[in-house]
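Chain residues, written in single-letter form:
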Amino acid sequence: MDVRRGQRTVIDPKVRQVGFVPAGATRPPARSHSVPTDACSSSPPAPELPLSGSSLSPVMIPPPRHSSADGLPSLSRSAASPVPIPASPLRRDTVQIPIGSYNPSESVLGSSPMISPSSRLDAVSEFSDEVPTSAWLGRSGSGKFASSFPSSSGEMMTMKITGGGSGGGGNTPKSSLTTASVVKALPGVSEKDRGALIEVQNEGISKPQKQKTSKAERRAIQEAQRAAKAAAKEAGDQFVLCEAVKPSASSGGALPASKQGKVVKPSSQKKDGPQVTAPVVPSEKKVGDRIPDKDRKKDVPHPRMQFDDKHRVEKAKRRAVVNQSEARNRVELFRHLPQYIHGTQLPDLESKFFQLDPMHPSVYKVGLQYLSGVISGGNARCIAMLLAFQEAIKDYSTPPEKALVRDLTAKISSYVSFLIECRPLSISMGNAIKFLKNRIAKLPHTLSESEAKSSLQSDIDRFINEKIVIADKVIVGHAVTKIRDGDILLTYGSSSVVEMILLYAHELGKQFRVVLVDSRPKLEGQALLHRLVAKGLNCTYTHINAISYVMQEVTRVFLGASSVLSNGTVYSRVGTACVAMVANAFQIPVLICCEAYKFHERVQLDSICSNELGDPDVISKVAGRNDLNHLESWADNENLQLLNLIYDATPSDYVSMIITDYGMIPPTSVPVIVREYRREHLWI
Amino acid sequence: MPDVQALVNDFVLKLKRRKIEGSHASAQHTAELLRSVISHQRMPYTNQAGALIDAVKAVGEQLIAANPVELAVGNIVRRVLHIIREEDLSSTATAIEGLGLSAGSDDDDEGQHEDRPALSAAALAAAARSTLRAPSLQTLLEDIPDSAAAPQPPSSGGDSEGKSKSADKNIRSRKLKHDVIEAINELIQDIDTCHEQISEQAVEHIHQNEVILTLGRSRTVKEFLCAAKEKNRSFRVFVAEGAPRYQGHVLAKELVSKGIQTTVITDSAVFAMISRVNMVIVGAHAIMANGGVIAPVGINMVALAAQRHAVPFVVVAGSHKLCPLYPHNPEVLLNDLKCPSDLLDFGEFSDCMDFGSHGGSPLLHVVNPAFDYVPPKLVSLFITDTGGHNPSYMYRLIADYYSADDLVVKRRSTS
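Read top to bottom, the protein sequences are chains A and B. No gaps in the numbering here: position 489 of the first sequence is 489 in this note's numbering, and each next residue is one more. No gaps in the numbering here: position 242 of the second sequence is 242 in this note's numbering, and each next residue is one more.
Okay, chain B solo, but in the shape it has when bound (with noise of 0.2 Å):
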């Protein structure tokens, strides 16, 4: 497969270079090169699951090496991870459904017998897909051998399976990837279509007359806007336009071709305008395990200037967004410092900047990072595509799309 190495090798350097802008695209790109990871990869005879695992955490590593703040291509990898585990437990249940059905169709009596861990699997199966999705109440009654289904690596099941059933491994093994595949698919999809699943929330939370406030640019709130508008809500928006890229204003053009009332301002009025705003919308970077938001530059102003006034301050962001991970200083170790020269131009300060006069270090020094972070108590709503959250129901949110063994991706040197 030295096609997808090099495959994977060019979107590391682009990654790398931050060549790829934007969670959006970092996500959709990561989930398509991991589908020709997976569809290039040649599955061994055992343990496909693990193989397909293996071969993602590899390509995995790599990416998130390349850039660890773009947290959108960890949360695609994991997402991957994900997928094939579960496929692979679907199918290890249904394997194992129809395991038990033929053995009892050879021998009743042992079919009475091997009946019952037959059935017992598939709960399990579906015990742990349930675990991976939702510990609700429910499930917590309704299977109790959920304990028992915890330890059990679903690589195993793939092992077992594997041995047991040999004549048709070639056509499961094709069926896993295939589904992986499919599953990949949807996956990129979902991304690709986020920002409908969102904007169709948009007339439930922007009602008429409504004063908004957003700062720099991003297209879910595009969208969002754009969404109420077209439903015919009239309402006010104020641009803050976000330097030093001043995404604003690319807002800004969008939403008055659509019609909408626009007002750019200046980052530094923001806290003059948000006593007369009415709800605060901004995109945001990733979102954390705890709630917390890594959003552009500025945001962290614009949420505690709404938090002063009472603002609802809601961030709208697809689900690839959501990071599982719980950040620590992540004002520093979650940010990236850009190039001075969108503050200051070189040639002016040149002689500021020599680093010969000052015994040794600089005068000057220019700080531009490119992110924020806003804490879970400053803000009042997420709206991703599966619908309204509070800040503190993110950690549950993320269970429903990671699986605990994938939080640190990284290969297992022994396997």
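Bound-form chain A, shown alone (with noise of 0.2 Å):
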């Protein structure tokens, strides 16, 4: 076995490559290489990781394949690098549950209850890179660890029973078994914190998910519980129990807060209720088939509000802060979007500015300058989001009786949505929120209330400093070897990767012109040009109408994303779906560079399912052309609608290549990254 393991760890690096890498890639080796260090020995994480997870810290991707794939002292190495030291013990548990699930009935031990989250996923997609294991990371990993792992004692007995009575199952009772000596070996924490540490995590991070499932259907589920457990009183039959015991698992997954005791019963339930007449072991089977499909189900992204639905805007609207009004002519094949009139709720809010108590000023601030467009463009907002967190955290005090973890988690919530009023949240400022939320919900106990504020400040400076700012250097790198003298650029928009691109080959002494081409009605294009002239760029400046017309000199379309799908669909600026459909036809590359914490596992085909709406009275009024108010007195006519689409997708077919921190990928290999890029965030 030992022999086996060793084969894994020679053979994984070059299986795990992620994207490919210039061998001589000349990139600004001193940025990149010094200020990862440097984030990684100014944050404190090391002393703490081993605590608030002991074992879930090795879920870290293992350093040698990371340095392989990036040629990188990579950011996750950085980040993980503490972790191998400290507790050997530890480790040598991680090592051997691989050897227990590494087998081919992936899904049986992906449904087996007792592992601790952290090592199964080391485990698993450690070795199975093909098998898909999505189920088990993220989310619904914590979320049934939670519900399962703080069994009493006496269950664990019975896990033991299962292991003798089941012969047929013997992957599954072996694997639990390590596990559950893992769990015992875990020093200091003890089991009722443990517990209660998890079931908040849990809490924190699936609420948003939970709220989905109607309290109706909590309700029966409960109500099934009951009735299962007194039938399985009647029974008696301790072999039924036995069995009862994985699914109980599953079933404890999707129901996170039921209480611990409960955990073997529900499922005996579920296996007598549904399903009366099934076999004891064949249903046993059944369930193994079955929970990666439940577990799956609950990692699908939870669908966004849906403005259609006129319950729940309702519902929205009660509570919201800023008052929007809706705009008179909605068009309506945008109904499941927030259409309101833009402009006036600003007044509004900066007067209720010194009354509004639970919201921190500085969140109010970047609130207020998303509503105004003062802040704009991913990065920069998620980096203005981040800091406003960063602040309130500062200026936080836990109320009497409550526990920080659970309060600052609804603080922040609240502060989310509030921004939500403000303007819908991009996908990068969600992972960046679940980043947050997650760094909250593992705060381990024995810290004092200070230590784990500046904890969490520190996880903000590092989120910042390795996911954006140290990130965008790494792609800056990677995209000048595509720039080669004599190239004609073109670029889309404004994206602040690609303008540091363009100044740092340009730094280098390329000679390349770039044609940048903008779009009503936001012409961002018009500040980038100025940079880039000022610095001494040569730029051709056109509107994307004529793209045609200047695509046939170019060379290279470099492009900024706002978010990357996981089925490879590029969510940016409106019109970049344009410039890449017109590159594809000039059969010219065509290469999105964005930030790895921008990617999402979420999927889209269209741009009409999930857009956001930008003010539609700026489509009737250009700047600087009084003569055309052709549709100044007609706006209020009801025939008349106005579309300010403000994202698109862009098809995966038309990009060429995605350069993220990772590497420069193909669209196809986008899940991959996400799914990697989770799992580190998620144990960061």
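Read the hints as simulated data drawn from the structure, not as lab findings. Hints may contain errors.
[Said to hold, decoys possible] Not the full set, but computed from the structure, chain B residues with beta-carbon under 10 Å of chain A:
1. Tyr246
2. Leu255
3. Gly259
4. Thr263
5. Ile265
6. Phe271
7. Ile299
8. Leu304
9. Ala305
10. Tyr373
11. Val374
Every residue, glycine too, gets a C-beta built ideally from N, C-alpha and C.
Using the hints, build the complex out of the two chains.
As structure tokens, this is what we get:
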């Protein structure tokens, strides 16, 4: 077995290459090398990681792989480096588990509840890249863990009995036993503590999801559980009970809030209820098959609010801080998106500045800046939000009789909903919020309030630094290798990363020309044009309509992205799809530059189902063209609608390459990055 | 004819300064100008058609040179030339027929002798006309002397006819001119009414609850949509505004006033919206002989998006926009670069446009083309005043309107 393990580690780095990296890539070495180490040393992850989730920490992507994938001292490694050092026994546990779990019946294993999620994660994803383990990653993992883990010792016993009883499922008991031992080996943290912690975490993370399951549904399940309890008592059959353990875990996953004691019973119910007739052993198999599906279902990003759902809109309105009034002529096709009158709320909100008690002023400020459009652009918005949260955390004090973890999470949630009212969140911001909430939920209880706060603040700093600042530098380093002398580069709109790339290439002395394509109504390209020309770059400026004309001479297209979705769709400023399409028609490579924290597991086929609508009135007015006032008096006509889309979705077949901080990848590899990345950032 | 020359110069100046916008207006103006040129043309005793053709070519050359991108001008010049040739042919035919008949009445023997060539001449004229019209299977079968007719230049017919019958040449010369002017009047009327003829077909193409996308403004498109609306079709129109002219706003206003559900979108949102669109209807600046379209800037992008989503891309255009030329590198050669101030304010970037700043060449270029070229493979259908056509049929349609001799409008220096 050890031999096997050895082989694995040898093979792994080659198998797990993420993207490809030019061998002799000239990248800005000083920057990218020095900063991550700084970040790593400045932030104090080392002491707290083992505490927070002793065995959880090794989840970090194994260092050798990533360094090989990136050719750089990768961010993940810097974060992970402290981990292997401290606890050797733990390390060994994590080594053991994969052996048990590394076998074909992955799904059955995946369902085995007793494995601590971290080690499972490590094991599964480390060894079987191709097996869809997504069910185990992320929230669901923790959720399930929460419900199943803090079981009493009696349950442990039943587990053991299961192992003996059902001889057929040899794999399962084995792994569960190993994990059980791992659990027991955990030092320091008391069982109870853990339970609480995990439960909280669970709540914090999966709250937005859980809202989805209706109250009635939950009640029904609880009722069923109760009935099951009674049934189980009556039956009193030990064997059945034992059999029930496993399904219990699965159902527990769906019901994370259920009490620990219950864990055993609902499952038996589950069996009794829906599939009474099914014989015991096959049922187990079935359950094993079904569980991953369930988990996966939970894994799916929960649906966004649909604004054509009147009931929910009403509900949301009652809570709202910002008084948004609906636009007069809403576009029928976009009923599901908020269509508000823009520009009316600002004065109102400004006047409320001193009355809004629960809102932290810095958050409020950022919200107003979103609303007025002072801050725009994925990275800028994300950084502004995180800094505001940092401020808010700094000034935060836990109210009496409340736990910091819970209260702060609630607080952040309220901030977030305020920000959403100001402007719908970008996907990158969603990811950042997820990260922050995770960090809060995973705060060890041993920390004092001030320690917790400072650790959160440093976490935010680290996120900004690693995921945005350094990631950009890495992207610049990669992208510059794709610029040759004599190139004519086309870019669209105003992307901060692309701007950095162009400026850096210019600094390196590369001779190239930039074609800047812009579009109404924001005309963001003009600001970029100013900056580029001021730096001495040779620029050609045009509007998106002339794209077919200018594309003939272009050699490469560099585009930024608001998000990259896991089907390879690039979600970006409206017009990006047009540019990519025309470039594709002219057979010119399209390079998307996007930090990996903007990747999302959501999928999207068109630009209609989810989008953001801007102020429609800017469509009818053309800045600097006073003669164009044809639509002025017509805005009230019910037949006329003005549509100001903000984003569009570029199909992946228009994209030649996505440049991320993990290297340069084809759009088909986005789901891999999403999976890898999510895991990393959950357990950072 | 000094007044005519003044008119021509005035029009040339307008074309040069791009004062006349749109192919419809320039086509109409050109036709009117040519009509006055012809009516003022002094007719010689011999070779009247040749004289007319020369005069029209002389003017046409100037007009085309004044704005080579405005293809409608050249189209109309060619149409007028074609009209002259046709009228000449038909008058020749009738003349020869009359000659033959009169000869027959004079002397039976000679009549017998001359009847054949006379009749054959008439047949030739008819055949020649039909060759201009359509070399269809029918004409090929009917007329064996077709090949013989082709080399015979129409002016020679006029020549011989002029020589043979000098008595009533005055009447006939006036008749030729009169016929030509009549025909040109018809042409002008055609140009005027082409919208109606096109929009008559609207109900055949727009069904209930259709979602239509268009870019910029074209009068033909507007009439087309309004005609469908008048027939009580209810449909929805997305109008891309068509920067930098933003004519889409005007179109939107016009459509809204007719009660059509209209949504104005930015040009950049075309790709996002096209997946929900049933049909793209756009106007054109010119249709080339290969079926390619010269259209307002941005349409190629729309056509590509439509192709991606398999949305029919329909071009509506009057027949005066049919250009008998095959395009070569039309994106550049048949394009107009407009003033950069449409895109950027001069004041803002005046420092960047300084020619002295960077080794003599400015750092900043602004590209503002007026037209896009849509290759024929992206076009699903042309709707002209003669009905719907495939892009591959355009060359054939063009043969109806133009004679092959006029493709290059250049005066023969020797004649």
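Hints and how they fare:
1. Tyr246: Where the cut-off is 10 Å and the nearest Cβ of chain A is about 5 Å from Tyr246 (chain B), the hint holds.
2. Leu255: Nearest chain A Cβ about 8 Å off; hint holds.
3. Gly259: holds (6 Å)
4. Thr263: This interface hint holds because 4 Å falls under the 10 Å limit.
5. Ile265: Holds, because the Cβ-Cβ distance from Ile265 (chain B) to chain A comes to roughly 5 Å (cut-off 10 Å).
6. Phe271: At 4 Å from the nearest chain A Cβ, Phe271 (chain B) passes the 10 Å test, so the hint holds.
7. Ile299: holds (9 Å)
8. Leu304: holds (5 Å)
9. Ala305: The hint holds - Ala305 (chain B) has a Cβ within 10 Å of chain A, the shortest such distance being about 6 Å.
10. Tyr373: For Tyr373 (chain B), the interface hint holds, since the closest Cβ of chain A sits about 8 Å away, which is under 10 Å.
11. Val374: holds (9 Å)
Hint violations for this structure: none, all hints satisfied.
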